[in-house]
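Participant: Chains as they are written, first to last, in this note's numbering: chain A, 1 to 303; chain B, 1 to 246.
Just so you know, the hints here were simulated from the structure itself, not pulled from any lab data. Treat the hints with care, since some could be wrong.
[Unchecked claim] Partial list, derived from the structure: chain A residues whose beta carbon lies under 8 Å from chain B:
{"id": "1", "residue": "Phe-24"}
{"id": "2", "residue": "Glu-29"}
{"id": "3", "residue": "Glu-32"}
{"id": "4", "residue": "Gly-54"}
{"id": "5", "residue": "Pro-58"}
{"id": "6", "residue": "Arg-59"}
{"id": "7", "residue": "Ser-65"}
{"id": "8", "residue": "Leu-67"}
{"id": "9", "residue": "Val-71"}
{"id": "10", "residue": "Gly-218"}
{"id": "11", "residue": "Leu-270"}
[Claimed, not checked] Straight-line alpha carbon distances no greater than 20 Å define the calculated SDA-like cross-link-like pairs of lysine to any residue that follow:
{"id": "12", "chain 1": "B", "residue 1": "Lys-234", "chain 2": "A", "residue 2": "Glu-85"}
{"id": "13", "chain 1": "B", "residue 1": "Lys-230", "chain 2": "A", "residue 2": "Phe-53"}
{"id": "14", "chain 1": "B", "residue 1": "Lys-230", "chain 2": "A", "residue 2": "Gly-77"}
{"id": "15", "chain 1": "B", "residue 1": "Lys-68", "chain 2": "A", "residue 2": "Met-203"}
{"id": "16", "chain 1": "B", "residue 1": "Lys-240", "chain 2": "B", "residue 2": "Phe-207"}
{"id": "17", "chain 1": "B", "residue 1": "Lys-234", "chain 2": "A", "residue 2": "Glu-32"}
{"id": "18", "chain 1": "A", "residue 1": "Lys-277", "chain 2": "A", "residue 2": "Gly-77"}
{"id": "19", "chain 1": "B", "residue 1": "Lys-234", "chain 2": "A", "residue 2": "Cys-274"}
{"id": "20", "chain 1": "A", "residue 1": "Lys-277", "chain 2": "B", "residue 2": "Gln-6"}
{"id": "21", "chain 1": "B", "residue 1": "Lys-234", "chain 2": "A", "residue 2": "Tyr-33"}
{"id": "22", "chain 1": "B", "residue 1": "Lys-224", "chain 2": "A", "residue 2": "Met-203"}
{"id": "23", "chain 1": "B", "residue 1": "Lys-234", "chain 2": "A", "residue 2": "Arg-52"}
No residue lacks a Cβ here, since even glycine has one placed at the ideal position from N, Cα and C.
Spelled out, the chains give:
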Amino acid sequence: MVNTSVILSGLKLDNPVIPASGTFGFGREFSEYYDLDILGSFSFKGTTREPRFGNPTPRIAECTSGLINSVGLQNPGIDAVIGEELPRMKEYFHKPVIANISGFSIDEYRYCCERIDAQEQVGLIEVNVSCPNVRHGGMSFGTSPESAAEVTRAVKEVTTKPVYIKLSPNVTDIVAIARACEEAGADGLCLINTLLGMRIDTMRRRAVIANTMGGFSGPAVFPVAVRMVYQVSKACSIPVIGCGGVDSAAAVIEMMMAGATAVEVGSANLVNPCACKEIIEALPAEMERLGIERLSDIIGIVK
Amino acid sequence: MTMQRQGTYRIAENRPLTASVWRMVLEGDTGALTAPGQFVNIALEGCYLRRPISVCDYDEGTITIIYKVVGRGTAVMSRMRAGESLDLLTGLGNGFSVDNGARLPLLVGGGVGVPPLYNLARRYVAAGRKVQVVLGFNRADEIFYADEFRSLGAEVHIATADGSVGTRGFVTDVLPALEFDYVQACGPLPMLRALCEATSCSGEYSFEERMGCGFGACMGCSCKTRYGNKRICKEGPVLKKEEIIW
Chain A
1 MVNTSVILSG
11 LKLDNPVIPA
21 SGTFGFGREF
31 SEYYDLDILG
41 SFSFKGTTRE
51 PRFGNPTPRI
61 AECTSGLINS
71 VGLQNPGIDA
81 VIGEELPRMK
91 EYFHKPVIAN
101 ISGFSIDEYR
111 YCCERIDAQE
121 QVGLIEVNVS
131 CPNVRHGGMS
141 FGTSPESAAE
151 VTRAVKEVTT
161 KPVYIKLSPN
171 VTDIVAIARA
181 CEEAGADGLC
191 LINTLLGMRI
201 DTMRRRAVIA
211 NTMGGFSGPA
221 VFPVAVRMVY
231 QVSKACSIPV
241 IGCGGVDSAA
251 AVIEMMMAGA
261 TAVEVGSANL
271 VNPCACKEII
281 EALPAEMERL
291 GIERLSDIIG
301 IVK
Chain B
1 MTMQRQGTYR
11 IAENRPLTAS
21 VWRMVLEGDT
31 GALTAPGQFV
41 NIALEGCYLR
51 RPISVCDYDE
61 GTITIIYKVV
71 GRGTAVMSRM
81 RAGESLDLLT
91 GLGNGFSVDN
101 GARLPLLVGG
111 GVGVPPLYNL
121 ARRYVAAGRK
131 VQVVLGFNRA
141 DEIFYADEFR
151 SLGAEVHIAT
161 ADGSVGTRGF
171 VTDVLPALEF
181 DYVQACGPLP
191 MLRALCEATS
201 CSGEYSFEER
211 MGCGFGACMG
221 CSCKTRYGNK
231 RICKEGPVLK
241 KEEIIW
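This is chain A alone, in the form it adopts within the complex (with noise of 0.2 Å):
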């Protein structure tokens, strides 16, 4: 019998597998599928102060073995996902939730995270600093050391439930922001969000997004995340939740080598509604096919 358990930060996950913001909305819909239950803990769609509608549709476009979005962070507000989500998801999960907080001012920030660390049913706090869809906020505080410090520290002096800042790849240097977050006190990092892409449709001559440019992910991007996750759980002590091309129990495993304690199933959810249970089922035979008795021991074993 293999242990598939893995801690985050102290929070106990059965498994590793957490869908990630933005591709399961509040579990609802994914509910309707299978029993959430299974999940190690899923992350709810980016939440900010204020109800957005986000961008301009079209906001997907395909790509060879992945697609882009430009969703826009599109949530209804962090009232209502007080007041209306977080009740409605007692019905269909039983675990500590990831509470995903955006925002366009360190204040704002500062304001979720704070009401939302006050909920029982949170029990990590994944601060997104990385998305790349929208205009002054989002990825801008996560494209320097300083500003991801900055939301990082004010961060932390208003919560008590352990903070992960969701970093971007779309920077120089990964390794330097993921430390200036560590210095300010986050207790754990994901990463990554998406890659800035764009397409062209090439009989209209103009991009298929509406908002020109989007965030790319999906099973192609999966190289550039497990390098990514090495080199900042090399040069990290805290806890790294890996995320970026997941679709299989083998990915799973191949994130946690290379340094993810817990990883992150985004786009896979979208092409299969049963993408995580899948993963989730497959990992014991996986695993014994790799003689791994216990999931925690491979965290960061490539050297």
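Got chain A sorted already, so can you dock chain B onto it with the hints?
Facilitator: For chain B alone, kept in the frame of chain A given last:
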């Protein structure tokens, strides 16, 4: 008992109706389908995202879809043969209503927007209601399913842009000759908008948008309505006329 929402379906038939429009009949569990105008989302070899296709008709064991070959995904579909299998998400979206109180419903379809009206017409006929259908195409050789609607017992009117069959012009050019008190439509956006403006009665309009997941998770196909933000794949694709913001 939970409805089967994802499953493997066997292709029973796949054949062209016109130069670019194909009909595929799939065998499998149809229990998740509850209304005309819903769609299925099809996983295809070599395509990352699934392809959403509206359901033309369904019964206890088969789903009929009609699709136009417009890109890589639909080209892959057109090359598939009877006996092969497809992975489908079914029962997706909010479809057309049948118990809507309309005395004289008018069904209006443009091009590849015609198929989802077929099951709707069949249900009206089954309920003993009179059904009028207006089908719009560009040319005579693009017309499909007019005879199938007639076989149901529907009164069929055709408009072609070049005048080769029926009324010359658009579907809206057929309207003055007809009496109706409810419109249910599917077709290109300009057609839907013109139809909405040309008619004073209430109705339901089916919309199209590029989708990520097709089941409400990714927020890729959101639109604004008078009743708040909606997802074309979940609260749509069929919206009520009074909520639409053009």
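Participant: Which of the numbered hints are not met once you compare them with the structure shown?
Facilitator: Hints 18, 22 contradicted; others consistent.
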